[in-house]
Structures are given as structure tokens and as C-alpha cells.
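Number of protein chains: 6
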Amino acid sequence: MTPNLLNHFNEKGRARMVDVTDKDITTREAIARGEIWMAQETLDLLSQGKMTKGDVLAVAQVAGIMGVKETSRLIPMCHPLIIGSVNIEFKIDHVNHKIDIECRVKINGQTGVEMEALTGVSIAALTIYDMCKAVDKNMVINNIRLIRKTGGKSGIYQREED
Amino acid sequence: MTPNLLNHFNEKGRARMVDVTDKDITTREAIARGEIWMAQETLDLLSQGKMTKGDVLAVAQVAGIMGVKETSRLIPMCHPLIIGSVNIEFKIDHVNHKIDIECRVKINGQTGVEMEALTGVSIAALTIYDMCKAVDKNMVINNIRLIRKTGGKSGIYQREED
Amino acid sequence: MTPNLLNHFNEKGRARMVDVTDKDITTREAIARGEIWMAQETLDLLSQGKMTKGDVLAVAQVAGIMGVKETSRLIPMCHPLIIGSVNIEFKIDHVNHKIDIECRVKINGQTGVEMEALTGVSIAALTIYDMCKAVDKNMVINNIRLIRKTGGKSGIYQREED
Amino acid sequence: MTPNLLNHFNEKGRARMVDVTDKDITTREAIARGEIWMAQETLDLLSQGKMTKGDVLAVAQVAGIMGVKETSRLIPMCHPLIIGSVNIEFKIDHVNHKIDIECRVKINGQTGVEMEALTGVSIAALTIYDMCKAVDKNMVINNIRLIRKTGGKSGIYQREED
Amino acid sequence: MTPNLLNHFNEKGRARMVDVTDKDITTREAIARGEIWMAQETLDLLSQGKMTKGDVLAVAQVAGIMGVKETSRLIPMCHPLIIGSVNIEFKIDHVNHKIDIECRVKINGQTGVEMEALTGVSIAALTIYDMCKAVDKNMVINNIRLIRKTGGKSGIYQREED
Amino acid sequence: MTPNLLNHFNEKGRARMVDVTDKDITTREAIARGEIWMAQETLDLLSQGKMTKGDVLAVAQVAGIMGVKETSRLIPMCHPLIIGSVNIEFKIDHVNHKIDIECRVKINGQTGVEMEALTGVSIAALTIYDMCKAVDKNMVINNIRLIRKTGGKSGIYQREED
Numbered sequence: 001m002t003p004n005l006l007n008h009f010n011e012k013g014r015a016r017m018v019d020v021t022d023k024d025i026t027t028r029e030a031i032a033r034g035e036i037w038m039a040q041e042t043l044d045l046l047s048q049g050k051m052t053k054g055d056v057l058a059v060a061q062v063a064g065i066m067g068v069k070e071t072s073r074l075i076p077m078c079h080p081l082i083i084g085s086v087n088i089e090f091k092i093d094h095v096n097h098k099i100d101i102e103c104r105v106k107i108n109g110q111t112g113v114e115m116e117a118l119t120g121v122s123i124a125a126l127t128i129y130d131m132c133k134a135v136d137k138n139m140v141i142n143n144i145r146l147i148r149k150t151g152g153k154s155g156i157y158q159r160e161e162d
Numbered sequence: 001m002t003p004n005l006l007n008h009f010n011e012k013g014r015a016r017m018v019d020v021t022d023k024d025i026t027t028r029e030a031i032a033r034g035e036i037w038m039a040q041e042t043l044d045l046l047s048q049g050k051m052t053k054g055d056v057l058a059v060a061q062v063a064g065i066m067g068v069k070e071t072s073r074l075i076p077m078c079h080p081l082i083i084g085s086v087n088i089e090f091k092i093d094h095v096n097h098k099i100d101i102e103c104r105v106k107i108n109g110q111t112g113v114e115m116e117a118l119t120g121v122s123i124a125a126l127t128i129y130d131m132c133k134a135v136d137k138n139m140v141i142n143n144i145r146l147i148r149k150t151g152g153k154s155g156i157y158q159r160e161e162d
Numbered sequence: 001m002t003p004n005l006l007n008h009f010n011e012k013g014r015a016r017m018v019d020v021t022d023k024d025i026t027t028r029e030a031i032a033r034g035e036i037w038m039a040q041e042t043l044d045l046l047s048q049g050k051m052t053k054g055d056v057l058a059v060a061q062v063a064g065i066m067g068v069k070e071t072s073r074l075i076p077m078c079h080p081l082i083i084g085s086v087n088i089e090f091k092i093d094h095v096n097h098k099i100d101i102e103c104r105v106k107i108n109g110q111t112g113v114e115m116e117a118l119t120g121v122s123i124a125a126l127t128i129y130d131m132c133k134a135v136d137k138n139m140v141i142n143n144i145r146l147i148r149k150t151g152g153k154s155g156i157y158q159r160e161e162d
Numbered sequence: 001m002t003p004n005l006l007n008h009f010n011e012k013g014r015a016r017m018v019d020v021t022d023k024d025i026t027t028r029e030a031i032a033r034g035e036i037w038m039a040q041e042t043l044d045l046l047s048q049g050k051m052t053k054g055d056v057l058a059v060a061q062v063a064g065i066m067g068v069k070e071t072s073r074l075i076p077m078c079h080p081l082i083i084g085s086v087n088i089e090f091k092i093d094h095v096n097h098k099i100d101i102e103c104r105v106k107i108n109g110q111t112g113v114e115m116e117a118l119t120g121v122s123i124a125a126l127t128i129y130d131m132c133k134a135v136d137k138n139m140v141i142n143n144i145r146l147i148r149k150t151g152g153k154s155g156i157y158q159r160e161e162d
Numbered sequence: 001m002t003p004n005l006l007n008h009f010n011e012k013g014r015a016r017m018v019d020v021t022d023k024d025i026t027t028r029e030a031i032a033r034g035e036i037w038m039a040q041e042t043l044d045l046l047s048q049g050k051m052t053k054g055d056v057l058a059v060a061q062v063a064g065i066m067g068v069k070e071t072s073r074l075i076p077m078c079h080p081l082i083i084g085s086v087n088i089e090f091k092i093d094h095v096n097h098k099i100d101i102e103c104r105v106k107i108n109g110q111t112g113v114e115m116e117a118l119t120g121v122s123i124a125a126l127t128i129y130d131m132c133k134a135v136d137k138n139m140v141i142n143n144i145r146l147i148r149k150t151g152g153k154s155g156i157y158q159r160e161e162d
Numbered sequence: 001m002t003p004n005l006l007n008h009f010n011e012k013g014r015a016r017m018v019d020v021t022d023k024d025i026t027t028r029e030a031i032a033r034g035e036i037w038m039a040q041e042t043l044d045l046l047s048q049g050k051m052t053k054g055d056v057l058a059v060a061q062v063a064g065i066m067g068v069k070e071t072s073r074l075i076p077m078c079h080p081l082i083i084g085s086v087n088i089e090f091k092i093d094h095v096n097h098k099i100d101i102e103c104r105v106k107i108n109g110q111t112g113v114e115m116e117a118l119t120g121v122s123i124a125a126l127t128i129y130d131m132c133k134a135v136d137k138n139m140v141i142n143n144i145r146l147i148r149k150t151g152g153k154s155g156i157y158q159r160e161e162d
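Residue numbers (our numbering), protein chains in the order written: chain S, 1 to 162; chain R, 1 to 162; chain L, 1 to 162; chain U, 1 to 162; chain Z, 1 to 162; chain P, 1 to 162.
Derived from the structure by calculation, the hints contain no laboratory data. A hint or two may mislead.
No copy labels: a pair is met if it fits in one copy or bridges any two.
Once the Cα atoms are required to be at most 27 Å apart in a straight line, the calculated DSS-like pairs of lysine-lysine come out as [as the list claims (entries may be wrong)]: (1) Lys137 - Lys91; (2) Lys137 - Lys23; (3) Lys23 - Lys12; (4) Lys153 - Lys23; (5) Lys153 - Lys91; (6) Lys91 - Lys23; (7) Lys137 - Lys153; (8) Lys91 - Lys12; (9) Lys12 - Lys137.
Please take these sequences and the hints and turn them into a complete structure.
Right, dumping it as C-alpha cells:
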């Protein structure tokens with residue numbers, strides 16, 4: 001592996017925060033998705049009462065948005081960023097008894113926001129786990145992935161999914 | 001759903017941090033695991049040079065341990081805890097080209113550390129993604145789950161896996 | 001003023017974090033209240049749609065609980081504490097068009113949680129302001145006060161209110 | 001209430017961080033004020049000795065300034081901002097035995113700093129409470145409000161006060 | 001080097017947070033000291049006006065105390081701790097034109113507070129640098145060291161100094 | 001001392017965060033250095049085994065980089081900044097049995113990054129202390145200083161060293 005491939009390392013092979021001061025300030029967006037799988041009965045409990053379902057996902061939504069803002073403090077080599085917008089959406093999948101989580105992050109800046117979107121999904125999923133773990137400890141967080149990334153010199157990334 | 005089932009809600013169905021002041025202080029431990037899947041070639045790059053491989057996982061290890069300590073600040077209803085020990089292990093799986101992550105957290109306290117262990121795995125996985133994303137944006141974080149939990153009134157939880 | 005009256009100062013009159021290591025570990029609780037006043041029409045907007053009203057206060061509730069956990073990082077001389085429970089309640093007062101906020105914090109520890117309860121009320125009120133400021137910048141946060149405090153050597157404090 | 005009125009919600013009525021990436025970068029300033037009321041005798045104690053009075057308010061000043069910088073981590077839908085300046089002033093009001101707190105925040109950015117100024121006042125007031133609570137638990141934090149806001153498309157906001 | 005000598009490493013030579021859950025809860029104290037050297041003229045400016053000198057050191061004192069509370073979030077393998085007391089003292093040394101900083105930290109807990117005391121000194125020194133750097137960029141932070149440590153199984157550590 | 005000399009104070013002699021909103025956005029860089037002295041035998045232990053030496057310094061490197069990002073939250077009057085790059089280098093000095101630490105920070109912004117570079121060195125040094133303190137409590141952190149600073153109206157600062 002040449003040092004330029006994994007650019008988070010300096011010439012001595014030690015971790016560094018890469019220099020982005022020469023990059024253009026452009027509008028960049030990233031979309032990440034993930035899932036939390038649970039027992040059918042847990043999902044039923046969660047979606048039964050409107051009030052309470054609202055609350056589980058409302059708490060997870062707030063946590064996910066706040067988690068996006070913490071990204072550069074959690075992921076060692078991430079740059080601090082002036083996040084421009086965050087939106088998180090949940091879709092309840094009754095067939096597979098899971099909740100799909102999508103996080104979109106947008107910025108005018110010199111570096112992308114993939115890590116922010118992925119972190120937002122992760123924290124939202126962990127929060128759902130925390131809120132429901134009294135009834136179901138078997139839940140699994142799955143398939144956290146980058147879906148799309150635009151802006152910046154490297155161009156558009158679009159994951160191919162069926 | 002009765003309110004006592006999802007105990008993170010008060011009588012009005014609003015989120016609260018549950019009262020643990022009456023619970024016994026016992027030694028509690030939780031083990032969580034997760035995986036990050038990547039292209040064969042990314043895993044090869046990561047494991048090729050000892051120095052550099054060491055560093056990717058060393059950074060992820062530090063991030064995961066520090067992430068464990070941030071849990072109560074990230075997950076809204078989690079209690080602040082006096083974490084007693086954290087250990088994170090990585091196992092490179094060349095057959096499935098993924099890295100298995102395990103996080104163990106131990107505490108003397110009044111509430112369990114499942115969320116801490118799950119958060120440690122998540123932050124370690126996100127850090128690996130961040131360190132390698134320049135060569136592979138298709139990586140997927142998968143199968144984040146609780147393996148075992150001991151201590152406290154609810155007894156031992158052991159996930160059944162094949 | 002003798003130094004012992006304002007005990008957050010050392011012999012040289014400089015700020016310090018007072019020593020609590022000799023105090024007993026007891027169950028301590030504090031209740032604080034406060035209000036946010038707004039235009040009648042703002043309160044109507046907020047309470048009109050159940051969904052949306054739910055969300056404004058749900059966000060404020062999460063923010064207040066998380067704010068409680070940040071107290072020792074915000075208030076310089078506060079001790080870090082192992083918060084045992086937090087509960088926040090909102091009461092919509094249509095007559096005076098204000099929202100009453102109450103925060104209860106409980107702990108087993110060596111020092112009280114007044115500051116935690118007061119901080120929880122403050123952050124919840126600021127969050128309501130933030131969520132509604134697009135329609136009403138004249139809102140006022142008022143009457144943040146300690147209502148009751150129990151546990152510890154200094155005994156019970158109960159505010160006298162009509 | 002139409003969703004565009006309370007713009008912190010997405011089309012599904014869930015909380016989001018609004019998109020500011022299209023807004024102009026302009027110089028924006030906000031001024032907030034608040035008060036902490038206390039017993040005459042508490043205020044006398046606080047202002048008696050120059051050294052010590054200096055210290056109570058000096059600690060509150062540092063706490064308020066640091067609190068301004070924490071705003072986006074405390075208030076869920078607030079954007080992270082590159083604060084350009086913060087100034088906090090205290091005025092001791094011996095007639096009404098209260099301390100008036102004013103916080104001014106300035107920025108070059110895409111969104112206003114009202115929440116930052118209000119948070120600075122709140123944290124300064126809470127810190128004064130903390131520093132004096134050993135002699136007076138009846139103190140009340142009052143009248144936290146936005147006084148003036150300039151910059152940005154929405155123009156000047158000036159509170160009308162007598 | 002055997003793994004037990006540098007006990008912050010697990011059997012694979014990777015960093016871990018050592019297990020303290022079996023250690024006794026005892027009262028532990030640590031004292032650390034350090035110095036910031038500056039031009040004679042900078043020290044004169046700093047100590048000339050009582051008000052302003054008060055403020056430079058008052059800000060540094062608050063920063064140092066708050067820094068102590070951040071230790072476990074800054075130093076990766078440090079345990080979160082329930083700090084019981086913090087005191088910081090400054091001594092102006094006009095002969096060598098430096099300021100001596102001492103930080104004492106006390107706790108009832110399962111592990112020592114050396115890192116907390118050393119961090120408190122470091123943050124206080126950095127804050128003095130920041131407050132005075134407009135007039136003197138040549139200042140040097142020196143001689144940050146542990147002076148004394150008591151409590152815990154390893155007994156008393158007392159640095160020998162002349 | 002006139003207030004303009006120590007510009008972190010307002011007209012009343014109280015601390016403020018100075019206004020940088022009128023300053024030009026330029027590329028700014030700062031280099032700081034420091035040292036941690038230890039017993040010959042501690043340094044030998046640290047550098048004996050490649051894996052483990054790698055790990056002590058790898059952990060310190062991550063901690064230093066993350067510490068740079070925390071600067072504005074630790075040093076009260078520091079501005080939040082969009083750090084553009086961070087690099088930390090260690091040099092083992094077997095003759096004087098110390099480790100030299102250098103931290104470079106770069107930014108496009110309205111204010112310099114001296115404090116960020118100095119903080120990065122300090123946190124890296126404290127982390128080395130923490131990782132080795134089980135075998136050597138006599139280590140001393142020394143000579144933390146600014147080496148070079150470029151960008152901004154005040155021009156280039158270059159420390160003169162032999």
C-alpha cells in the first residue's frame with residue numbers, strides 16, 4: 001500500500017488529519033442508510049401506540065442529528081465542519097420487521113460529509129436499541145452504508161443497489 | 001404496549017431517564033460485536049504493511065475506547081457511568097474480507113453497559129471506514145449486536161449464535 | 001463576606017471546586033421549574049397539531065435531559081455526578097400563554113443536584129425558543145428557580161410559593 | 001400551523017436541522033439579556049469585597065463565554081458556528097437587588113446567533129446561582145430575552161422595551 | 001518490555017483501558033506543578049494592575065478546573081472519575097519571571113488522579129499563554145510534573161526536589 | 001498595562017473573546033514543540049519492542065490530533081475554528097532520554113492556530129505520561145513553545161533557537 005492510497009497517514013506511516021486547505025469550497029451532500037432488525041413483536045409494540053412510537057423515533061431523530069454534529073469529535077481524523085443541514089428519515093418495514101434509517105447531510109465546505117451521515121445513522125440506530133432493549137436484546141444493527149455523495153473534486157459516488 | 005414494557009417513557013408517554021438509584025451496585029459486564037465488510041483488495045491493502053495495518057486498527061481502537069466513554073453523551077437516555085475497563089479486539093477475516101470487532105466493557109455500578117459496548121463497536125467501525133474510504137466507499141458496517149451481558153438483577157443474557 | 005459563606009472560594013479568594021469527599025453518599029433529589037412566555041398565537045400554533053406539538057416538546061425534553069448530563073461541563077465549579085434519574089414535564093398554560101417546565105433529578109451521591117435540575121429547565125426552555133423563533137422572537141424565559149431539594153446534611157429545602 | 005412556519009420540521013412533521021447552505025455569508029450580531037434576582041443580603045455579600053465580587057462575576061463571565069461556544073451541542077437543531085466574538089457584561093442593580101446580564105455575539109456566517117447569545121446569558125446566570133447557592137437558594141433567573149439581532153435576510157429585530 | 005510493565009496494553013500489545021473494578025475505593029489525592037516562563041516585561045504587565053492580573057489568573061483558574069473534569073475525554077486510556085475536589089494555586093515568581101502553577105485533585109475512587117492534576121496544570125498554563133500571547137509569543141511552559149500522590153495500593157509517591 | 005495590549009479584556013477589564021469578524025481569511029499555520037523527559041530505562045522499554053513502541057506513540061498521536069480539535073472548548077477565549085490539517089511527529093532522543101513532540105496545524109481562517117498547536121503537543125505529552133506512568137512517575141513535560149507561525153496581518157513569527 002502506498003501512502004497516498006490511505007491518505008490518513010503521513011510519510012512515516014503515522015496517522016494525520018489530511019490537509020484540505022487547498023480544496024475548493026463547494027456544496028457537498030452525503031446520504032447514508034442503515035437498518036435495525038428486531039422481533040416482530042418489538043416492532044409491533046413500537047408502532048402500536050402513535051404517541052409512543054412517535055417518541056421512540058423522535059428521540060432517535062434528535063440523537064442522530066446531534067450525533068452528526070459530534071462526528072469530528074468521535075472519529076479521530078475527521079475535520080471539524082460547519083454542517084449546513086441534517087435530515088433523518090425512518091421507514092418502518094413490517095415485512096422484515098426492521099426500521100430503515102436514512103441520514104442526509106449537506107455542507108458548503110472543503111471536505112465531504114460521508115462520515116457525518118454514517119455517524120448520524122449509527123447514533124440513531126443505537127438510540128432505538130437503547131429505547132427498546134428492555135423488551136428485546138436481540139436487535140441487530142445492519143447494513144450501514146454510504147448511498148450517495150456529491151460535490152468536491154472526486155465527483156459523484158452512487159452506490160449500486162438492487 | 002404498556003408503559004412498563006418500554007421503560008424509557010414516563011406516565012405521559014414522554015422520554016425520561018429511568019431511575020436506577022434503588023438498584024444494587026454490582027459488577028456488570030457487556031460484550032458486543034460487529035463487522036465491517038470491504039473489498040478483498042482493501043483488506044489486503046490494510047493488512048499488507050505491518051506498520052500501516054497496525055496504525056489503522058490502532059486508531060480505531062483508541063477511537064472505540066474513547067467512544068465508549070462518550071456513550072451517555074450520545075444516547076439521550078443513557079446514564080453517565082464510571083466505566084471500569086474497556087477492551088477492544090479486532091480479527092481480520094480474510095475469507096469473507098471483513099474485520100470482526102469485539103468490545104468488552106466492565107463496571108461496578110447500578111446499570112448495565114450494553115450501550116457502551118455497542119457504541120464502542122460502532123465508533124471503531126466508523127473509524128475504520130474513515131481511514132479507508134479514500135480507496136473504498138463501498139464498505140458496509142454490519143451485524144452490530146450484543147453477545148453477552150452479566151451482572152444486575154435481570155441476570156445473564158447470552159446471544160445464541162451458530 | 002467571610003470565605004466560608006461563599007464556599008466556592010479558597011483562602012486566597014480564588015475559585016475552587018469544594019471538597020465533597022468527606023460527605024455521606026445519600027439519595028438526593030432536586031426539583032426546579034421555569035417558564036417560557038410567548039404570544040397567544042405562538043402557543044396556539046405549537047399546540048394545534050398533535051404531531052407537531054408533540055415534536056416541539058419532545059425535542060425540548062430530550063435536550064433538557066441531555067443538558068442535565070452536561071451540567072458539570074457547563075458550570076465551572078460543579079462536580080461530575082452519576083445522575084440516577086431525570087424526568088422533565090411540560091404543562092401548557094393557555095391562560096397566560098406560557099409553558100411551565102419542571103425538571104426532577106435524583107442521585108445517590110455526595111453532593112446535591114440543584115444545578116442539574118436548573119440546567120435541565122434552562123436547556124429545555126432555550127430549545128423551545130429555538131424551535132419557535134421563526135414565528136416569535138419575543139418569547140421570554142422566566143422564573144427559573146429551585147422548588148425543592150432533599151437529601152444531604154443541609155436537609156430539606158422547600159420554596160414557599162403561593 | 002403550516003410546516004413552513006415552524007421550519008425546524010420536515011414534511012413528515014419530524015425535527016430536522018434546516019438547510020442554510022444557500023444563505024449569504026454576512027456579519028450577524030445578536031444581543032440577549034437576562035437577570036438573576038437574589039436577597040439584598042446576598043447581593044451585598046457578593047459586592048462587598050472587591051476581590052471576591054470580581055471572582056464570582058469573573059467565573060460567570062468565563063462560563064458564559066464557554067457556554068456560547070457549546071450552543072450547537074446543547075440545542076439540538078442549532079447549527080455549528082464559527083463564533084467571531086463574544087462579550088458579556090454584568091450590571092449590579094442594588095435597587096432591585098438583581099444582576100443584569102448582557103451577552104453579545106458576532107459572526108460572519110450563514111445563520112444568526114440569537115441562540116448563542118441567549119445561551120451565554122443562561123449559563124452565566126446559572127453559574128452565579130451555583131457560586132452563591134450556599135447562602136441563598138431562593139435566587140430566581142428571570143427575563144431571558146433577545147434584545148436585538150442584525151444581519152441576514154430577515155433584517156433587524158429590535159425588542160421594544162420601556 | 002513485558003506487557004505487565006506498561007499495563008495500558010492487552011495481550012496483543014494493543015491499547016486498552018485497564019480494569020480497576022477490583023480495586024478498593026479509597027480517598028486518593030494528587031498534586032502536580034508546572035511553570036510558564038515569560039519576559040520580565042510580560043510578567044510586569046500581567047501583575048501591574050490588580051484588576052487585570054486578577055482576571056488573567058482567574059480565567060486560567062477556571063480553565064484549569066474545567067480541564068481537570070475533561071481529563072478522561074482527552075487522555076484516551078483514562079477512566080472517567082467522580083472528581084471530589086480541585087484547587088489550583090498560582091505563585092508569581094518575579095525573580096525568574098515565571099508563574100508557578102499547582103493543581104490538587106482529590107477523589108474517593110478506584111484509581112488515582114495524577115493525570116487529572118497534570119491536565120489541570122497544563123490547561124491553566126495554556127490559558128495564560130493564550131491570554132498574554134498578544135504581547136509575548138516567546139513564553140515557554142516548563143517542568144510539568146507530579147509532586148505527590150497518596151491513596152491506593154501503590155502507596156505514597158513523593159517527588160524528591162531540592 | 002493598557003487594555004489594548006492584552007486584548008482578551010474588554011473596557012471594564014473583564015475577559016472577552018476578541019472580535020475577529022473583520023480579519024481576512026488567509027491560510028495560517030503554526031508549529032509548536034515540546035518534550036517529555038523520562039528515565040533512560042523507561043525510554044528503552046518504550047522503544048524496545050516495535051509493536052508496543054508503535055502503540056504508545058500511536059495512541060499519543062491520536063490523542064494529540066483530537067486534542068487540537070478540542071482547543072476552543074478547553075481554552076476559554078479561543079475561537080472555534082475549522083481546522084484544515086494536523087500533523088504530529090515524535091523524535092526519540094536516546095542521548096537525553098526524552099521524546100520530542102512537534103505539532104503542525106493549518107487553517108484557512110480569520111485567526112491563528114498557535115493555541116491549537118500548543119494544545120496538541122500538551123495532550124500528546126500527557127498521553128505519553130499516562131501510558132508509561134506505571135513504570136515511571138518521575139517523567140517531566142518540558143519546553144512547550146511556539147516555533148513558527150505564518151499567515152495573518154501580524155506576519156511571520158519564528159522563534160530563535162540555537
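Hint by hint, here is what the structure shows:
Proximity of Lys137 to Lys91 under the C-alpha cut-off of 27 Å is found in both arrangements, the shortest distances being 21 Å within a copy and 24 Å between copies. For the identical chains of this complex, Lys137 and Lys23 are inter-copy neighbours only, at 20 Å across copies versus 45 Å inside a copy, given an alpha-carbon limit of 27 Å. In this assembly of identical chains, the alpha carbons of Lys23 and Lys12 lie at most 27 Å apart only when taken from the same copy (24 Å versus 36 Å across copies). Taking identical chains as interchangeable, the C-alpha atoms of Lys153 and Lys23 lie at most 27 Å apart whether they share a chain (8 Å) or sit on different chains (23 Å).
Proximity of Lys153 to Lys91 under the C-alpha cut-off of 27 Å is found in neither arrangement, the shortest distances being 32 Å within a copy and 35 Å between copies. Taking the shortest Cα distances, Lys91 and Lys23 never come within 27 Å of each other, neither inside one copy (36 Å) nor across copies (30 Å). Taking the shortest alpha-carbon separations for Lys137 and Lys153, only the inter-copy value of 15 Å comes in at or below 27 Å, while the best intra-copy value is 43 Å. In this homomeric assembly, Lys91 and Lys12 come within 27 Å of each other (Cα to Cα) only across copies, at 11 Å, whereas the closest approach inside a single copy is 46 Å.
Only between protomers do Lys12 and Lys137 lie at most 27 Å apart by alpha-carbon distance; the minimum there is 25 Å, versus 44 Å within a single protomer.
In this structure, the hints that do not hold are numbers 5 and 6, in rising order.
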